[in-house]
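Undergrad: Protein chains in written order, with our numbering: chain A, 3 to 290; chain B, 3 to 290; chain C, 3 to 290; chain D, 3 to 290.
For the record, the hints were derived by calculation from the structure and aren't laboratory data. This one's a predicted model, so the numbers in the text were calculated from it and none came from an experiment. Heads up, a few of these hints could be off.
All copies of an identical chain are treated as equivalent in the list; a pair is satisfied when it fits inside any one copy or across any two copies.
[As the list claims (entries may be wrong)] Calculated pairs, DSS-like style, for lysine-lysine (alpha carbon to alpha carbon, straight line, at most 30 Å): (1) Lys34 with Lys258; (2) Lys257 with Lys102; (3) Lys19 with Lys273; (4) Lys249 with Lys166; (5) Lys169 with Lys34; (6) Lys19 with Lys169; (7) Lys68 with Lys209; (8) Lys258 with Lys19; (9) Lys93 with Lys163; (10) Lys273 with Lys209; (11) Lys19 with Lys249; (12) Lys154 with Lys167; (13) Lys19 with Lys151; (14) Lys273 with Lys258.
There are 4 protein chains.
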Amino acid sequence: MKENDNTAVLLIHCPDKPGILAAVTEFINQHKGNILYLDQYVNREEKVFFMRVEWELTTFQIPKDKIEEYFQTLLAIRFNMIFRLYFADTKPRMALFVSKMSHCLYDILARYAAGEWRVDIPIIISNHPDMEPVAKRFGIEFHYIPINKENKAEQEALQLKLLKKNKITFCVLARYMQILSSDFIENFPNRIINIHHSFLPAFAGAKPYHAAHERGVKVIGATSHYVTTDLDAGPIIEQDVTHISHKDTVDELVKKGRDLEKIVLSRAVEKHIDRKILAYKNRTIVFQ
Amino acid sequence: MKENDNTAVLLIHCPDKPGILAAVTEFINQHKGNILYLDQYVNREEKVFFMRVEWELTTFQIPKDKIEEYFQTLLAIRFNMIFRLYFADTKPRMALFVSKMSHCLYDILARYAAGEWRVDIPIIISNHPDMEPVAKRFGIEFHYIPINKENKAEQEALQLKLLKKNKITFCVLARYMQILSSDFIENFPNRIINIHHSFLPAFAGAKPYHAAHERGVKVIGATSHYVTTDLDAGPIIEQDVTHISHKDTVDELVKKGRDLEKIVLSRAVEKHIDRKILAYKNRTIVFQ
Amino acid sequence: MKENDNTAVLLIHCPDKPGILAAVTEFINQHKGNILYLDQYVNREEKVFFMRVEWELTTFQIPKDKIEEYFQTLLAIRFNMIFRLYFADTKPRMALFVSKMSHCLYDILARYAAGEWRVDIPIIISNHPDMEPVAKRFGIEFHYIPINKENKAEQEALQLKLLKKNKITFCVLARYMQILSSDFIENFPNRIINIHHSFLPAFAGAKPYHAAHERGVKVIGATSHYVTTDLDAGPIIEQDVTHISHKDTVDELVKKGRDLEKIVLSRAVEKHIDRKILAYKNRTIVFQ
Amino acid sequence: MKENDNTAVLLIHCPDKPGILAAVTEFINQHKGNILYLDQYVNREEKVFFMRVEWELTTFQIPKDKIEEYFQTLLAIRFNMIFRLYFADTKPRMALFVSKMSHCLYDILARYAAGEWRVDIPIIISNHPDMEPVAKRFGIEFHYIPINKENKAEQEALQLKLLKKNKITFCVLARYMQILSSDFIENFPNRIINIHHSFLPAFAGAKPYHAAHERGVKVIGATSHYVTTDLDAGPIIEQDVTHISHKDTVDELVKKGRDLEKIVLSRAVEKHIDRKILAYKNRTIVFQ
Chain A
3 MKENDNTAVL LIHCPDKPGI LAAVTEFINQ HKGNILYLDQ YVNREEKVFF MRVEWELTTF
63 QIPKDKIEEY FQTLLAIRFN MIFRLYFADT KPRMALFVSK MSHCLYDILA RYAAGEWRVD
123 IPIIISNHPD MEPVAKRFGI EFHYIPINKE NKAEQEALQL KLLKKNKITF CVLARYMQIL
183 SSDFIENFPN RIINIHHSFL PAFAGAKPYH AAHERGVKVI GATSHYVTTD LDAGPIIEQD
243 VTHISHKDTV DELVKKGRDL EKIVLSRAVE KHIDRKILAY KNRTIVFQ
Chain B
3 MKENDNTAVL LIHCPDKPGI LAAVTEFINQ HKGNILYLDQ YVNREEKVFF MRVEWELTTF
63 QIPKDKIEEY FQTLLAIRFN MIFRLYFADT KPRMALFVSK MSHCLYDILA RYAAGEWRVD
123 IPIIISNHPD MEPVAKRFGI EFHYIPINKE NKAEQEALQL KLLKKNKITF CVLARYMQIL
183 SSDFIENFPN RIINIHHSFL PAFAGAKPYH AAHERGVKVI GATSHYVTTD LDAGPIIEQD
243 VTHISHKDTV DELVKKGRDL EKIVLSRAVE KHIDRKILAY KNRTIVFQ
Chain C
3 MKENDNTAVL LIHCPDKPGI LAAVTEFINQ HKGNILYLDQ YVNREEKVFF MRVEWELTTF
63 QIPKDKIEEY FQTLLAIRFN MIFRLYFADT KPRMALFVSK MSHCLYDILA RYAAGEWRVD
123 IPIIISNHPD MEPVAKRFGI EFHYIPINKE NKAEQEALQL KLLKKNKITF CVLARYMQIL
183 SSDFIENFPN RIINIHHSFL PAFAGAKPYH AAHERGVKVI GATSHYVTTD LDAGPIIEQD
243 VTHISHKDTV DELVKKGRDL EKIVLSRAVE KHIDRKILAY KNRTIVFQ
Chain D
3 MKENDNTAVL LIHCPDKPGI LAAVTEFINQ HKGNILYLDQ YVNREEKVFF MRVEWELTTF
63 QIPKDKIEEY FQTLLAIRFN MIFRLYFADT KPRMALFVSK MSHCLYDILA RYAAGEWRVD
123 IPIIISNHPD MEPVAKRFGI EFHYIPINKE NKAEQEALQL KLLKKNKITF CVLARYMQIL
183 SSDFIENFPN RIINIHHSFL PAFAGAKPYH AAHERGVKVI GATSHYVTTD LDAGPIIEQD
243 VTHISHKDTV DELVKKGRDL EKIVLSRAVE KHIDRKILAY KNRTIVFQ
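Isolated chain A (complex conformation):
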């Protein structure tokens, strides 16, 4: 995975009109940037243009710290663009939130330890002490912050302080069994990724495997999504399912679900790290 570190990524959306694609590619080409990946999509119903472009900076003639300003001045104003600019050598910083289950946690830490992802994970936060030994195995700071009705506000304040101190750019709820307050969520708009153990919108809320078993479905699923103040209703990033049969008890659904959950969560996290997701009006555009 020894990928090029000296690249920039632009995520753009704006009202659709002719010439945007040409203008953006020309901006990069004429200043000697080498385009590595480009993906665009036009939502024709809403007439919105979306684009992700990644280019090499080695020969790019605009200095790194001027790109945002130049792009704003030369392109964004003209096309009424909303854009974000990222650099590959500025790694996102992830905080992991867990409770008592280890499968998603291990899946993420195994990838992290193997160097699969361009990310830093300075802290793990939990409302239970159970996962501390796992955090230790991987040499990551573990913060046990128990939460109940009475202390929720102050404990969340403590969490936010930790996130700030560690310069966290996004949070991953790896089966974190505690609902975040709206106040907390608003600090990380489209920057908190959750895994829900059902194919949403079916079986939102608690105990989806019990509900799935009760309903007698023939597939179970998992959904990773950005957390919004509306529970289990944020923009969906990834979903997958597996087939089950009448023979599967709730315990077997839980077991089969674990593999789904960890893969579906890790795929979403990877795309977030790679700056391939653009959330727009409670949906996601996931670039390739």
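Given the coordinates of chain A, work out where chains B, C and D should sit on it, guided by the hints.
TA: Just chains B, C and D, lined up with the frame of chain A:
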């Protein structure tokens, strides 16, 4: 597919206790029946035993018309069984209900015409005239029975009369866009198979592809189920899904969904024809 | 599916260098074409640029019959492009080749009859008479052209004559169980689509389901591909698989395989009809 | 997963004839065993009966250490059975073989550490030192045993000595990139599980992702199988695939393949641990 025509199938359920499996297999073996397929399942939570057994009758010593009585007397009473006995040479008789879409209809008729299924399809009933040419192509009686609020009761009575006259044993709603009344449904308990174009329980009711698009899901699905008086809430037989992306418009979901719908419906119909489904408490046991 | 009929599609490939995308989109934009779909891909290992662009012609200022010449002069020479230009209102013309099995045939004809595809199917050719009634049902000319070692050359000549007479642009082998000669194939380079009943390259050649059963695999597959003179080794368009178990006999593999085959073939045919496939060096680029 | 520890499992195969199922279930029932799971399968072509039955021993009247003898005397001789008897409280003992890649290793160790499997993993053996830190994280003995052409025989002897000393009952090759000798394999017939990174029989041997990319397939797969002296040709346990496109480079195939490999391997290992696999004539019966 030149399968043996001279076989019997027993579908059984009863309170679980030791010895049921041995007793049933012994009943068949000692009277010289040759067991072809056997599948059993015990629901341990509810302590219920379920079984499907198919055996060859050629050498079976109990006359065909006495099997039900003997099984009742010798086994069913002892184990408190509820059972159904079917013979392969007694084909189920299907009525097809359609509206304006042809994909499920063609998929079923193509299998029927190719002799893939041991079934008779004497009639197609529709609330629209559009599919009459398709019915004609396959030489099947087509009955156009338009339904509105005012005439619903009498038109359903007409449908039921047709079903009775044609000795219909089960109905298949191949994208029939008309809600059946409770009265109608009660004539065919677990004998009406519907295809719903979503992975239920998500997106029950009208326009599921629009709802799926609106919600921004990353998979769409289809569900075949027995129709109960509770709309889209009957026992699920089969479900499958396909992956979609932000690029898919509602029209594209409709298009991708068609292939799902037809396959998921036909699989359910096939299992029903093969007497492999046992509905129990709003869930299905689907034997192999 | 009442899609716009007045559109053009360009399929392009050329050596990769900066500015191609901007130049092509500018060519369309500046002459008042409205781009509907655009997908591009750069093969970085081989440094080749691939692109498909579809635009509306209603307001396009270059006359339809001049587009090819202008594009050649203004763009293709400059970038060393190989390109093909298609118009949506010029429907491709398909010849269907079948033998004794009806499942792929019905799947294609059902879509055709429902108007799902922008294609004409003037003739069905078969080396067996069995499918003639199906052809009749759909009102399509059926040509029974039996082939054996002795008459192969002359019968293929007869087939080619029929294809020419009917202005056929591509052929679909819907389980046509007869190997085409190299001479025949060279008349339709990347214009003959076959369905092979295995996940190629496994189980090429005859009787793949028997071979799969013998090997004890846990998935079976189907592969649609362009036919080349190298048997079952042409560019792959689509593949899919289904899970099987030790319980499945060869007959059951054949049965499960039918649904795979028909869906995988129809998806490939649809993409060919929509001019979304570009074959390059024995692989396909399948645009979105 | 606090499952019952006091159970026995029988894996049986024998020539098919009437009465086997009744005889086995009666053997358990009449001595007050409580059957928990039962799955049987008859291969009709070869006329072989296969069965797995698991029952509770708490009330079973035959002493644990006599069950094998009694079953042999009372049943196995009569029906010409080959059988294996296992007890849930006798955990299988796994040796893990790895090379340089960590994804399968982590997936197995995470499940092991979470207590998901009833297994002991006393040692990890590797031909490279790279994974030693991972072994340490989980507190498992790591043995670095480099192998080259010259030392292969003696190093394998050393491995076998370690396996014997640790009472290893089966080996798992978690992307172990070294071919085992026939001598080694014969010590563990159907007791060595390998993961091959393709859907076998396609792309056997080295560099399957390169071969898949070269061939231009649209799905890639992974296969777990028992190792036999015939390379990549042993009985297949599990297979799965994922869809790819022309955009995927070999590196991306490797990356997508990792998730497939780890899940497909872990599923096979779990079934082996649960004594659900019966290898017969180079195929597997995988009971439910």
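Undergrad: If a hint holds in the structure, say so; if it does not, say that too.
TA: Hint-by-hint comparison with the structure:
1. Lys34 with Lys258: Neither way: Lys34 and Lys258 sit 50 Å apart in one copy and 32 Å across, limit 30 Å.
2. Lys257 with Lys102: both (15 Å within a copy, 29 Å between copies)
3. Lys19 with Lys273: Classified as both: same-chain Cα gap 28 Å, cross-chain 27 Å, threshold 30 Å.
4. Lys249 with Lys166: Answer is neither: 48 Å inside a copy and 36 Å across each miss the 30 Å cutoff.
5. Lys169 with Lys34: neither (33 Å within a copy, 48 Å between copies)
6. Lys19 with Lys169: Neither, since 38 Å and 39 Å both go past 30 Å.
7. Lys68 with Lys209: Neither: 50 Å inside a copy, 44 Å across copies.
8. Lys258 with Lys19: So Lys258 and Lys19 pass the 30 Å test across copies only (29 Å; inside, 47 Å).
9. Lys93 with Lys163: So Lys93 and Lys163 pass the 30 Å test inside one copy only (20 Å; across, 47 Å).
10. Lys273 with Lys209: both (27 Å within a copy, 27 Å between copies)
11. Lys19 with Lys249: between (55 Å within a copy, 18 Å between copies)
12. Lys154 with Lys167: Classified as within: same-chain Cα gap 20 Å, cross-chain 53 Å, threshold 30 Å.
13. Lys19 with Lys151: neither (51 Å within a copy, 47 Å between copies)
14. Lys273 with Lys258: both (24 Å within a copy, 13 Å between copies)
This entry does not satisfy hints 1, 4, 5, 6, 7 and 13, going by the numbered hints stated previously.
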